[in-house]
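Enquirer: Below are the chains, spelled out letter by letter.
There are 2 protein chains.
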Amino acid sequence: MTQQSDRAQRQHLSTCGVAVAVVILTVQREGLTVLLIHRAAPPYAGYWALPGGLLMPGETLDQAAARKLLGETGVADVYLEQLYTFDAQPDDPGPRAIVAYFALVDAGRVVLAQRSSWQPAWFPVDRAPELAFGNARIVAYALKRLRAKLGYSNVVYSLLPEHFTLTQLQRVYEAILGRPLDKRNFRKRILSLGIIEPTGHLERTGAHRPARLYRFSRREPITF
Amino acid sequence: MTQQSDRAQRQHLSTCGVAVAVVILTVQREGLTVLLIHRAAPPYAGYWALPGGLLMPGETLDQAAARKLLGETGVADVYLEQLYTFDAQPDDPGPRAIVAYFALVDAGRVVLAQRSSWQPAWFPVDRAPELAFGNARIVAYALKRLRAKLGYSNVVYSLLPEHFTLTQLQRVYEAILGRPLDKRNFRKRILSLGIIEPTGHLERTGAHRPARLYRFSRREPITF
DNA sequence: CCAAAAGTGTTCAATCTACACCCATGC
DNA sequence: GCATGGGTGTAGATTGAACACTTTTGG
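Sequences listed follow chains A and B, in order. Take the first sequence: its position 127, counted from the start at 1, is 123 in this note's numbering, and no numbers get skipped. Take the second sequence: its position 69, counted from the start at 1, is 65 in this note's numbering, and no numbers get skipped.
Honestly, the hints are just simulated from the structure, not real lab data. Some hints here could point you the wrong way.
Put simply, identical chains are the same to the list, so a pair is met inside one copy or across any two.
As the list claims (entries may be wrong) - SDA-like mimics (lysine to any residue), calculated; alpha carbons at most 20 Å apart, straight line:
1. Lys145 / Leu177
2. Lys145 / Ile191
3. Lys145 / Ile218
4. Lys145 / Thr219
5. Lys140 / Pro217
6. Lys145 / Tyr80
7. Lys140 / Ile218
8. Lys140 / Tyr80
Hey, can you work out the whole structure from these sequences and the hints?
Expert: Take a look at the structure:
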């Protein structure tokens, strides 16, 4: 987000009671990480916080969340879902309610918006610093929901490239759940879920037997 | 809600961007019914709508929802849960976002707030009139969530009196799901869920064998 | 030839589904 | 004595969990 629009939002703030916050998650070598921005100005100057801000005129909640996501990461068309609406902390100025979203992005496609003074950075979800605005409860909630959705949805489609192997997919699941999974059972369950399909091509990289490539049948959230 | 506080909220309206709406459901002879109020004044004069309104100063979202529920029905301490946050319809005045809740109440305990000009009334969920503020999507969502939660939670505790028979409980499940359930399977599943326990007493009313009475182990939402 | 990752089936336990009859009571 | 609703068990199918070895490739 630019400094201009930030200022515009601050003026808007006293007349608008609702804000969005986005829990942007990705999987890297360190495991599951969350994108945080560093606050330079009060309130909570010096703290880290979730990307977020006020609704702009004429904008829907989903659009505001997508705008925040795009502004911080440069990505669109990823898994983005409303999580829950939290009360603001009693003593915080500004909005009364925070509509939280969570998004999953492929770390490889993200270009962090270093242009702003916000210094966005990835933190492992279990080693995040203390957060502004009581945002920690939002991250905890996102994590819980994500883990629950792994079992019956295609949430992770935006954490992987267009084509991928079952082993890559399994690594993502393991990173999110924080525990190893049995290979054969994983393959059976995933295939019976019907969210992915073979491309018919093979991956021929690496010092091993070529691997069948898959893709997600639908690259959009499936709701049940 | 009184006319005074309604007027106070209308003034508050232009400075506050968030409202709550409550889908209050109960089970009656006709099946699952939803509480609606009749709008006398614009916007949507003459339409039926969900009980709702703006957040009052210093109040949390949950408190606002509970206040609305108490104001319309006189009940508290029932199942009340946040559902989802919806965008207001683009052309509607007032709040930008509607935080929807759903509540389940025992029709026997409710005293409808006939004092106001709002004429609250129960409508079968599948035969409700056209609703103001695009509220129909909220009712549909509540219904879907309620049915999903039946299988693994104690949601229905506030639809039944303190003591009840398994058959009464089954009637409630059938009314919500809209289909008959097998008696033996229902009893096995419910008992294995561990949300109810026998009281040790018997119901001796009716021209039939006395029935064992049960109660819910916890009369508060269980979160999983 | 060796390291690295891909691929593949079976057994057992637990859970879910379908299904029918006898019993205690009030009238 | 009969109508009403209460109470109970089993067999078959499905689902989920545990578990180990062979294959192909690049270096």
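Enquirer: Output the numbers, in ascending order, of every earlier hint that fails for this structure.
Expert: none
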